[in-house]
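Protein chains: 2
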Amino acid sequence: MQDQKVLDHAQSHKGMVRVGKDEFQPALFELIEGWLGTAPIDVVACGMVGARQGWVEAPYSAVPCEPIPVAPFRVPNTDTRIRAFVVPGLKQTAPPDVMRGEETQISGFLATHQNWDGVICLPGTHTKWVQVSAGEVVSFRTFMTGEMFDLLGGQSVLKHSVGEGWDDAAFAEATADALSKPEQLAARLFGLRAADLLRGQDSGITRARLSGFLIGAELAATRPYWLGQQLAIIGAENLSEIYAKALQQQGAFVETANSTQCTLTGLLQARNLTRQTA
Amino acid sequence: MQDQKVLDHAQSHKGMVRVGKDEFQPALFELIEGWLGTAPIDVVACGMVGARQGWVEAPYSAVPCEPIPVAPFRVPNTDTRIRAFVVPGLKQTAPPDVMRGEETQISGFLATHQNWDGVICLPGTHTKWVQVSAGEVVSFRTFMTGEMFDLLGGQSVLKHSVGEGWDDAAFAEATADALSKPEQLAARLFGLRAADLLRGQDSGITRARLSGFLIGAELAATRPYWLGQQLAIIGAENLSEIYAKALQQQGAFVETANSTQCTLTGLLQARNLTRQTA
Numbered sequence: 001m002q003d004q005k006v007l008d009h010a011q012s013h014k015g016m017v018r019v020g021k022d023e024f025q026p027a028l029f030e031l032i033e034g035w036l037g038t039a040p041i042d043v044v045a046c047g048m049v050g051a052r053q054g055w056v057e058a059p060y061s062a063v064p065c066e067p068i069p070v071a072p073f074r075v076p077n078t079d080t081r082i083r084a085f086v087v088p089g090l091k092q093t094a095p096p097d098v099m100r101g102e103e104t105q106i107s108g109f110l111a112t113h114q115n116w117d118g119v120i121c122l123p124g125t126h127t128k129w130v131q132v133s134a135g136e137v138v139s140f141r142t143f144m145t146g147e148m149f150d151l152l153g154g155q156s157v158l159k160h161s162v163g164e165g166w167d168d169a170a171f172a173e174a175t176a177d178a179l180s181k182p183e184q185l186a187a188r189l190f191g192l193r194a195a196d197l198l199r200g201q202d203s204g205i206t207r208a209r210l211s212g213f214l215i216g217a218e219l220a221a222t223r224p225y226w227l228g229q230q231l232a233i234i235g236a237e238n239l240s241e242i243y244a245k246a247l248q249q250q251g252a253f254v255e256t257a258n259s260t261q262c263t264l265t266g267l268l269q270a271r272n273l274t275r276q277t278a
Numbered sequence: 279m280q281d282q283k284v285l286d287h288a289q290s291h292k293g294m295v296r297v298g299k300d301e302f303q304p305a306l307f308e309l310i311e312g313w314l315g316t317a318p319i320d321v322v323a324c325g326m327v328g329a330r331q332g333w334v335e336a337p338y339s340a341v342p343c344e345p346i347p348v349a350p351f352r353v354p355n356t357d358t359r360i361r362a363f364v365v366p367g368l369k370q371t372a373p374p375d376v377m378r379g380e381e382t383q384i385s386g387f388l389a390t391h392q393n394w395d396g397v398i399c400l401p402g403t404h405t406k407w408v409q410v411s412a413g414e415v416v417s418f419r420t421f422m423t424g425e426m427f428d429l430l431g432g433q434s435v436l437k438h439s440v441g442e443g444w445d446d447a448a449f450a451e452a453t454a455d456a457l458s459k460p461e462q463l464a465a466r467l468f469g470l471r472a473a474d475l476l477r478g479q480d481s482g483i484t485r486a487r488l489s490g491f492l493i494g495a496e497l498a499a500t501r502p503y504w505l506g507q508q509l510a511i512i513g514a515e516n517l518s519e520i521y522a523k524a525l526q527q528q529g530a531f532v533e534t535a536n537s538t539q540c541t542l543t544g545l546l547q548a549r550n551l552t553r554q555t556a
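In order, the protein sequences belong to chains A and B. Just so we're aligned: 199 in our numbering is position 199 of the first sequence, and the numbers increase by one with no gaps anywhere. If you want our numbering, it's the position in the second sequence, counting the first as 1, plus 278.
Worth flagging that the hints you see were computed from the coordinates, not collected in a lab. All values derive from a computational prediction rather than experimental measurement. Quick reminder that beta carbons are idealized off the backbone N, C-alpha and C, glycines included. Don't take each hint at face value.
[Stated by the list, open to error] Cβ pair distances, simulated, as ranges:
| id | chain 1 | residue 1 | chain 2 | residue 2 | range |
| --- | --- | --- | --- | --- | --- |
| 1 | A | Thr256 | B | Cys343 | 50 to 58 angstroms |
| 2 | A | Thr93 | B | Phe531 | 36 to 44 angstroms |
| 3 | B | Phe531 | A | Gln11 | 54 to 62 angstroms |
| 4 | A | Gln229 | B | Gln331 | 44 to 52 angstroms |
| 5 | B | Phe531 | A | Gly228 | 19 to 27 angstroms |
| 6 | B | Gly432 | A | Glu241 | 52 to 60 angstroms |
| 7 | A | Ser12 | B | Arg359 | 21 to 29 angstroms |
| 8 | A | Ala39 | B | Gly482 | 35 to 43 angstroms |
| 9 | A | Val138 | B | Gly396 | 45 to 53 angstroms |
| 10 | B | Pro342 | A | Thr93 | 49 to 57 angstroms |
| 11 | A | Gly204 | B | Asp428 | 23 to 31 angstroms |
[Claimed, not checked] Where chain B lies over chain A, by a calculated footprint (3+ residues, C-beta under 8 angstroms):
| id | region |
| --- | --- |
| 12 | 18 to 25 |
| 13 | 109 to 116 |
| 14 | 176 to 187 |
| 15 | 213 to 220 |
With these hints in hand, go ahead and build the complete structure from the sequences.
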């Protein structure tokens with residue numbers, strides 16, 4: 001675990017969806033070409049870059065297993081100035097589920113939390129709930145909560161009623177409502193539009209309520225995951241805080257971890273695996 | 279109820295979303311100008327044409343009330359060859375809800391079902407469940423099931439896995455699953471993507487399961503509406519059949535009614551109200 005100092009960083013908005021199979025190396029070089037010398041430098045990547053539509057398909061490892069149970073996948077035919085590796089994702093057969101990228105964050109989290117057993121929530125477009133025991137990912141479930149929030153708030157009839165603001169009390173109330181009556185979610189959503197049409201409900205309150213209904217429904221489905229468990233949240237700061245609040249309202253004790261730090265630590269671990277095998 | 283013969287029909291794909299405030303009459307005239315003479319002809323309309331963004335805003339009537347409790351709203355400043363009217367929608371204060379268009383279909387349905395008490399389901403983009411008693415709409419709830427199906431199947435990550443086909447058994451199984459465990463809906467959705475990635479689940483089966491999960495969740499929320507009630511479904515033929523099947527699986531007895539016929543009958547009733555007041 002040497003070389004832990006970040007010397008520089010760069011980022012791009014080009015995700016897998018916008019980059020063709022042959023465009024990954026050029027997109028990477030736009031960011032890092034200035035850092036390269038003549039001797040090959042190791043590039044270690046994780047996430048959708050290893051999907052079928054990614055740079056190279058890195059086959060899933062099957063749970064239960066360590067978050068990074070095998071050496072990262074070497075990308076063939078790269079520019080000679082780099083050796084590129086992709087961390088494989090994890091799959092679960094029953095119920096069917098997959099992850100790419102979160103395994104690296106979990107690995108990084110566990111590296112700094114020796115003997116940690118419990119449940120990790122990784123909120124995002126596709127939120128993951130991951131059961132960890134004895135250093136292994138035992139099981140996990142994925143929720144499309146973030147994507148549904150974006151679609152409903154940005155592209156459904158609710159877009160006319162959802163604004164930029166936020167209201168903590170409205171969020172808490174909606175979360176509790178969905179947790180206690182999850183079967184009513186489908187009924188609650190259009191009610192947000194009607195409340196705007198009939199009584200001009202504030203658009204920030206509407207946004208908080210939409211988020212609360214969706215996260216509440218997710219917490220209803222994941223109750224066996226979080227009830228009475230040791231909990232950690234790894235994610236973007238704002239979103240982690242929202243999930244932490246919702247869980248704390250239910251009496252859960254939650255630790256939050258910085259997702260960038262977890263990713264970097266996990267990638268370092270992956271790189272150490274490549275050195276063993278190289 | 280004279281003049282019941284349909285002499286001709288015409289339709290346009292220009293909905294409220296694509297037509298500006300001043301473009302309603304031109305859009306209408308594209309369709310019907312050939313039918314007009316010199317004496318004014320009555321045009322009776324219902325639906326989003328009466329919304330704030332529509333041709334003329336026709337204020338909602340509050341339930342409980344008859345489906346069309348007041349004379350349609352006269353559109354001001356039309357071409358002299360027409361007298362145009364818009365049927366007002368219905369609103370409910372608690373829980374907040376609104377409808378525009380369905381009230382006309384309900385009115386048409388009740389005209390041919392004397393003394394009918396029960397619950398009417400009107401499936402569509404925004405499915406309505408309407409409790410009817412003694413000729414009045416007592417209460418109703420709206421579900422964004424159709425819009426969510428379109429967004430999830432067409433614009434979320436599921437679009438890569440949802441195809442054109444259908445599978446009755448997969449639909450029935452998914453409906454029953456969502457009805458018995460509605461809190462698991464949020465978990466089921468991403469499972470459709472994973473089942474495709476991991477075992478190449480047929481895209482028609484995926485489509486039927488997506489529909490089944492969403493309709494099952496709606497039926498879980500509307501159980502008090504349909505359990506042990508006299509039921510009618512008014513909607514497009516295919517969609518009505520899907521809802522009827524799902525309800526019949528739960529042991530409900532369901533009658534289906536032709537939505538075009540209900541709309542025409544309802545509009546005739548609305549026109550008769552304008553004659554009384556004209």
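Quick rundown of the hints versus the structure:
no.: 1; hint: A:Thr256 to B:Cys343: 50 to 58 angstroms; in the structure: holds, 52 angstroms
no.: 2; hint: A:Thr93 to B:Phe531: 36 to 44 angstroms; in the structure: holds, 41 angstroms
no.: 3; hint: B:Phe531 to A:Gln11: 54 to 62 angstroms; in the structure: holds, 59 angstroms
no.: 4; hint: A:Gln229 to B:Gln331: 44 to 52 angstroms; in the structure: holds, 48 angstroms
no.: 5; hint: B:Phe531 to A:Gly228: 19 to 27 angstroms; in the structure: violated, 44 angstroms
no.: 6; hint: B:Gly432 to A:Glu241: 52 to 60 angstroms; in the structure: violated, 32 angstroms
no.: 7; hint: A:Ser12 to B:Arg359: 21 to 29 angstroms; in the structure: violated, 60 angstroms
no.: 8; hint: A:Ala39 to B:Gly482: 35 to 43 angstroms; in the structure: violated, 53 angstroms
no.: 9; hint: A:Val138 to B:Gly396: 45 to 53 angstroms; in the structure: holds, 49 angstroms
no.: 10; hint: B:Pro342 to A:Thr93: 49 to 57 angstroms; in the structure: holds, 53 angstroms
no.: 11; hint: A:Gly204 to B:Asp428: 23 to 31 angstroms; in the structure: holds, 27 angstroms
no.: 12; hint: 18 to 25; in the structure: violated (count 0)
no.: 13; hint: 109 to 116; in the structure: violated (count 0)
no.: 14; hint: 176 to 187; in the structure: holds (count 6)
no.: 15; hint: 213 to 220; in the structure: holds (count 4)
In this structure, the earlier hints numbered 5, 6, 7, 8, 12, 13 are contradicted, and the remaining ones agree with it.
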